[in-house]
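If you follow the hints, you should be able to join the two separate chains into one complex; please do so.
Chains Y and B, in that order, are what the protein sequence lines are.
Straight run, no breaks: the first sequence in the working numbering ends on number 336.
Straight run, no breaks: the second sequence in the working numbering ends on number 383.
Think of the hints as simulated: they come from the structure by calculation, not from any bench.
Nothing here was measured: the structure is a model prediction, and the numbers come from that model.
A hint or two may mislead.
Said to hold, decoys possible - Pairs of lysine to aspartate or glutamate residues, derived as DMTMM-like cross-links and limited to a Cα-Cα distance of at most 25 angstroms, are as follows:
{"#": "1", "chain 1": "B", "residue 1": "Lys307", "chain 2": "Y", "residue 2": "Asp34"}
{"#": "2", "chain 1": "B", "residue 1": "Lys84", "chain 2": "Y", "residue 2": "Asp277"}
{"#": "3", "chain 1": "B", "residue 1": "Lys84", "chain 2": "B", "residue 2": "Asp250"}
Claimed, not checked - Facing chain B, a subset of chain Y residues (Cβ under 10 angstroms, in silico):
{"#": "4", "residue": "Ser64"}
{"#": "5", "residue": "Glu214"}
{"#": "6", "residue": "Gln216"}
Ideal Cβ positions, reconstructed from N, Cα and C, are used throughout, including at glycine.
One letter stands for each residue in the lines below.
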Amino acid sequence: MADRNKEPGYTPITPDPKYILQVNALKKYFPIKDGLRVVGHVKAVDGVTFNLKKGSTMGLVGESGCGKTTTGRTILRLCGEKTDGQVLFDGREVYDLTNKEMRDWRTKMQIIFQDPFSSLQPRMPVGEIIGEAVREHKIVPKADFVNYIDSVMEDCGLESYHRYRYPHEFSGGQRQRICIARALALNPEFIVCDEPVSALDVSIQAQIINLLMELQQKHDLTYLFISHDLSVVEHISNQVGVMYLGSLVEYGETADIFAHPLHPYTQALFSAIPVPDTHVKMNRIVLEGSIPSPANPPKGCKFHTRCRNCMGKCKEVAPEQKEIEPGHYVVCHLYD
Amino acid sequence: MARKNADGYLSAKESRRISRENRKVTNVFEKQRKRKNVPESEYLCEMKDISNVIEVEDLHTYFFTDVGTVKSVDGVSFSVPIGKTIGVVGESGCGKSVTSLSIMQLLQRPQGQIVSGEIRMNLGSKAYDIVKTPNEVMQHLRGNEISMIFQEPMTALNPVFRIGAQVDEVLALHNPDMSKHDVRQRSVELLDLVGIANPERVYKMYPHELSGGMRQRVVIAMALACDPKLIIADEPTTALDVTIQAQILDLLRRLKDRINSSIMLITHDLGVIAEMADYVVVMYSGRIVESGTAEEIFNNPAHPYTKGLMASKPVVGRKVDSLYSIPGKVPNPVNMPDYCYFKDRCELCVGKCAGEYPPEIKLSATHTVACYRYVDKEGETNG
Numbered sequence: 001m002a003d004r005n006k007e008p009g010y011t012p013i014t015p016d017p018k019y020i021l022q023v024n025a026l027k028k029y030f031p032i033k034d035g036l037r038v039v040g041h042v043k044a045v046d047g048v049t050f051n052l053k054k055g056s057t058m059g060l061v062g063e064s065g066c067g068k069t070t071t072g073r074t075i076l077r078l079c080g081e082k083t084d085g086q087v088l089f090d091g092r093e094v095y096d097l098t099n100k101e102m103r104d105w106r107t108k109m110q111i112i113f114q115d116p117f118s119s120l121q122p123r124m125p126v127g128e129i130i131g132e133a134v135r136e137h138k139i140v141p142k143a144d145f146v147n148y149i150d151s152v153m154e155d156c157g158l159e160s161y162h163r164y165r166y167p168h169e170f171s172g173g174q175r176q177r178i179c180i181a182r183a184l185a186l187n188p189e190f191i192v193c194d195e196p197v198s199a200l201d202v203s204i205q206a207q208i209i210n211l212l213m214e215l216q217q218k219h220d221l222t223y224l225f226i227s228h229d230l231s232v233v234e235h236i237s238n239q240v241g242v243m244y245l246g247s248l249v250e251y252g253e254t255a256d257i258f259a260h261p262l263h264p265y266t267q268a269l270f271s272a273i274p275v276p277d278t279h280v281k282m283n284r285i286v287l288e289g290s291i292p293s294p295a296n297p298p299k300g301c302k303f304h305t306r307c308r309n310c311m312g313k314c315k316e317v318a319p320e321q322k323e324i325e326p327g328h329y330v331v332c333h334l335y336d
Numbered sequence: 001m002a003r004k005n006a007d008g009y010l011s012a013k014e015s016r017r018i019s020r021e022n023r024k025v026t027n028v029f030e031k032q033r034k035r036k037n038v039p040e041s042e043y044l045c046e047m048k049d050i051s052n053v054i055e056v057e058d059l060h061t062y063f064f065t066d067v068g069t070v071k072s073v074d075g076v077s078f079s080v081p082i083g084k085t086i087g088v089v090g091e092s093g094c095g096k097s098v099t100s101l102s103i104m105q106l107l108q109r110p111q112g113q114i115v116s117g118e119i120r121m122n123l124g125s126k127a128y129d130i131v132k133t134p135n136e137v138m139q140h141l142r143g144n145e146i147s148m149i150f151q152e153p154m155t156a157l158n159p160v161f162r163i164g165a166q167v168d169e170v171l172a173l174h175n176p177d178m179s180k181h182d183v184r185q186r187s188v189e190l191l192d193l194v195g196i197a198n199p200e201r202v203y204k205m206y207p208h209e210l211s212g213g214m215r216q217r218v219v220i221a222m223a224l225a226c227d228p229k230l231i232i233a234d235e236p237t238t239a240l241d242v243t244i245q246a247q248i249l250d251l252l253r254r255l256k257d258r259i260n261s262s263i264m265l266i267t268h269d270l271g272v273i274a275e276m277a278d279y280v281v282v283m284y285s286g287r288i289v290e291s292g293t294a295e296e297i298f299n300n301p302a303h304p305y306t307k308g309l310m311a312s313k314p315v316v317g318r319k320v321d322s323l324y325s326i327p328g329k330v331p332n333p334v335n336m337p338d339y340c341y342f343k344d345r346c347e348l349c350v351g352k353c354a355g356e357y358p359p360e361i362k363l364s365a366t367h368t369v370a371c372y373r374y375v376d377k378e379g380e381t382n383g
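For reference, chain B alone in the conformation it holds in the complex (with noise of 0.2 angstroms):
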């Protein structure tokens, strides 16, 4: 690991170091990736339960860094079924986002590198391997049966091209034998179905003159335009007014079902994804702390964390006198301990937290915890 030196600055000279051996590892990574014409029985795979659309297991997914290695991603495994919506709730800099975009394949590289793991895509005849897919198999993939709607509709737009330009492009690119006067009948379809009013003239219109609710919309027919199986949704409503939200919220849920596809929902906003999801999975520094259905989740909350988010948030009616705040910060991601991550800000430590982290211990079929205050629970179960 990186040494520091007295006033806890990282000298050039070890910066330097850490970043040519960062380079032997990448490497190695880049050179795989960038192999041309790949049987594709290398990354053929077996979903282990057919009713998934995606199986992610032991997902590690490390940037390697000038200031040392960040493991974003540290072991996050999860499975989203078809046709149910799965939330995942977290602060910042917890690793959701990494976690999508490992899945998207569309991480920083060479810095970011899915190390190990296996991401599982059910492709209906077949199932593919995404750590392992190579890049041009990944392009028929991505927006086609993975799509994603970005966090900030301002930014996920090109500000110089029409909204028509846009859209179309997302069509003609996965439908090569589609002429030009069906791509442009279909974008303008999909506009309509996103509930966008006067979809003709809106069309012609560029991103500046749409509001905040309007482009979020354009950004969803983009995502939808190839009836994907997968619909990942980083933060789709952070940047938008309550009214709005709500509006968007019921048109991603209406398609959903139409198309009959997954929704991976990512929010820090424990209200959406009670509203949301089927299914919870709360991410702490990298790692999944807490999984289960909504009802288990936000019934019968297990992890210290999970609990102290919950009081951290006020709920219009429920009134207390100072609000709960969970004491300290999170953990510096260059230098994660070896103990339980949440440790030092929990107010529930039990003498096993300083050792190794904890497993992850079923409470009931669907829901598990990582969290040794519950180990004693699991072994009187099983005894």
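For reference, chain Y alone in the conformation it holds in the complex (with noise of 0.2 angstroms):
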């Protein structure tokens, strides 16, 4: 794990209100073990740099394996120790608290998975997976308790009988529901979505969707938004940003990216989405080969093997994040 007296790999950050959220350089690695043993690391996050606003959504978009789980829940704290970098939430350092800071901070962020079929208790009916942490945290009076919960699942589109029932008669939709009440429950400010709709149907997800942005309207939230989706990633995003191999390769208002992107990977990310519509010529950069492993990734740019832009110095340079105009910032070298 890292040294704390090492002298830190990235230029420190100070606290800026103007954001909720500051990721600066974070890096995030899992050691590769035989016996006792570290042979090497899987370096699942990179260097992610960004920052978000109170009430705003910002995207986080990839091919699977690149990081963006893990992005997310190491700035949850959810993933031990983090490698390097700053992870300031509310202009105090999330890694710095101690225990029972962070009890109380848990309150404040809180996460929605990936898959609603995992990820709720089997046997406990709906009002205790909702109301678990509520009582926990003593968010309401006792007395209370049973209200509160009650218009907490109304606010999440659930009926107040619900609360009896168990997860396995629901249906998946519903159990989005579920998760989202759970997060809610306890007043969050800033919610990490892991992939929260990938695993519905198409007229299930507009459901799910329209309620996380009548949620953040309604409780003036913040939202990590995480999907490979990209369509819908561009539906309720502020900014986007697109990871490959652990890093962030760019970032900024999810017009601006969407309209004109600059790095090679997200021009051939976004030329890859099928659009419905028999009129639009598809005219697709398609990446030749896999995603590189994690553990051992190539020298200099990450992306130089599959790049069609490819330099003689992106091979042996890895290029630093630079703002190409205000708020769009990116990592190539075709742009220095």
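In structure tokens:
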């Protein structure tokens, strides 16, 4: 794990009250062990930097295995210690909080998991699933408990008589509503939505996305929306970050990124989206090969093995994050 | 139909009675299927149109379960022309997969049975009715004339056998006179054909050593091993990333033209359908609600369900404040209503919708829709 006395491999940032969440050069490596010996590291998150304003939504897209989920979990301190970097939430470093403080902070930061079929305890009635943490953190007085749970469930489109039912009695969409209610019951300020709609049908997807957007307006929530579905991300987010092999290759306002993607990977990714219109002629950039192993990423720019604009420099020097236009950052040598 | 007690649950006694009755029904079907040496004349048939590779007519596939009969496919008719791609869209549980399993004769028996209907398969010189075809003959068709690409490449491959052995098996089974050496050579060729780099090495690998996209390529290689006339692709890209999805769709399209086969593409992604399909079939609760060419369906969707499905999917570059969501939910498959199945979720109901299930109405030579809103127009054109 990271040595606390070591000189940091990043430029520390100062808290900025404009942002609810500031992530700076975040790294998370998982050790590969051969018996007791550590023989290498899987670089799941390898340099992610972004800022998030209160009440806005940041979409995080990328192929599977690129570290989207690990980023979300590392921000919430759900993956053990970070390897390097900073996570400032409300101006305080999340990883410097004591266990006792962290316990209180957990109510402010919640997560909705990907699979509503495996993230609900099958032996607990729904009221208890939603209410367990409420009781634990004493969010409301005991006398109001039942009413509070009812009101949260109503917010999320569930009926109060669902409280005594078990998760297996619900459909996929309803289960995802339960997961949302569980996160919302603690009055959080920030929610990580880890692929909340990818396990659902198209028509149910629309319901859940609408629900998430309504709740955001009502409670002034901030989302980190992780998804591989670009059309959903475009719909829900104010900002988009594109990840490749553990690093954020491009990030900026949704409109900017979708109108003129700068990084070759973003361009290829966007050109691969199938459009439900028979008139649109696909002008596709097909990426050759598959994503390299995060345990042994390529030298220089990580994308150079699949990039069509690869230059000599890309194979040697790793590019730095640059601001091309206000709020639009890209990590690529093309824009030096 | 099943009687329920006050709590809305089925009593054990009632459930036993249903399963006893089910066994009576399924035993009749099973007996029919298990006969040996069935004369070919029994399952020979005539194609209606010789340019079709498969014609499905009024197919009914039911599942006889302990809570009642589930009519998974309830009167489905469509045909797949030679060399074309037909896309089947619908929510989960609408009978897309059961239709394809019926064509393959891979239903979970004895509960799942094709109750009535015809599936005519064009074999060039003759045509077989798959519904009546006995198992022994079916084994020669399956994998040889019709093959299937399953949804999850993770579970479709056997984890304890090498990739090579699994591709070899398909070839050896359908070509008994091929030598071992030839089979191996052909397998490597196939792996190369589906775009796997270094096929010799992959031949010796186990499925867990490959990524999702690579595994899907292996599954495609297995499906194409005998140059089938019809490839059924059941959600081939749902488990894959967009960039890998683009690669796989590209591959499917190229290979289809190369061996001049037809594809029946089952998916819930309208974008994939628009890109791949020549004809589109929209299914809802075991019935076809709309069918037509891809242009007709996408430019001029007629059925309220098709319209709802299209509006509920966000599209890149098309900004809306709030997504449309189809109200209500899919009706319970055990107790289907006798009126239009979509009536309870439809915002465009007319008085007639409470009557019997709407007939199929032709809007053009290829475009049909099952909805009462178009009945009057039909009358006008006829009159």
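| query | Are the Cα atoms of B:Lys84 and Y:Asp277 separated by 25 angstroms or less? | reply | 19 angstroms, holds
| query | Are the Cα atoms of B:Lys307 and Y:Asp34 separated by 25 angstroms or less? | reply | Violated - the C-alpha atoms of Y:Asp34 and B:Lys307 are around 56 angstroms apart, more than 25 angstroms.
| Does Y:Glu214 meet its interface restraint, that is, does its C-beta lie within less than 10 angstroms of any C-beta in chain B? | With a closest approach of 8 angstroms, the Y:Glu214 hint holds.
| Is B:Lys84 close enough to B:Asp250, meaning Cα to Cα at most 25 angstroms? | Roughly 15 angstroms between the alpha carbons, so the hint for B:Lys84 and B:Asp250 holds.
| Would the stated hint for Y:Ser64 survive a check requiring a Cβ distance to chain B of less than 10 angstroms? | 6 angstroms, holds
| Are Y:Gln216 and chain B close enough, Cβ to Cβ, to be under 10 angstroms, as the hint says? | 12 angstroms, violated
In this structure, the hints that do not hold are numbers 1 and 6, in rising order.
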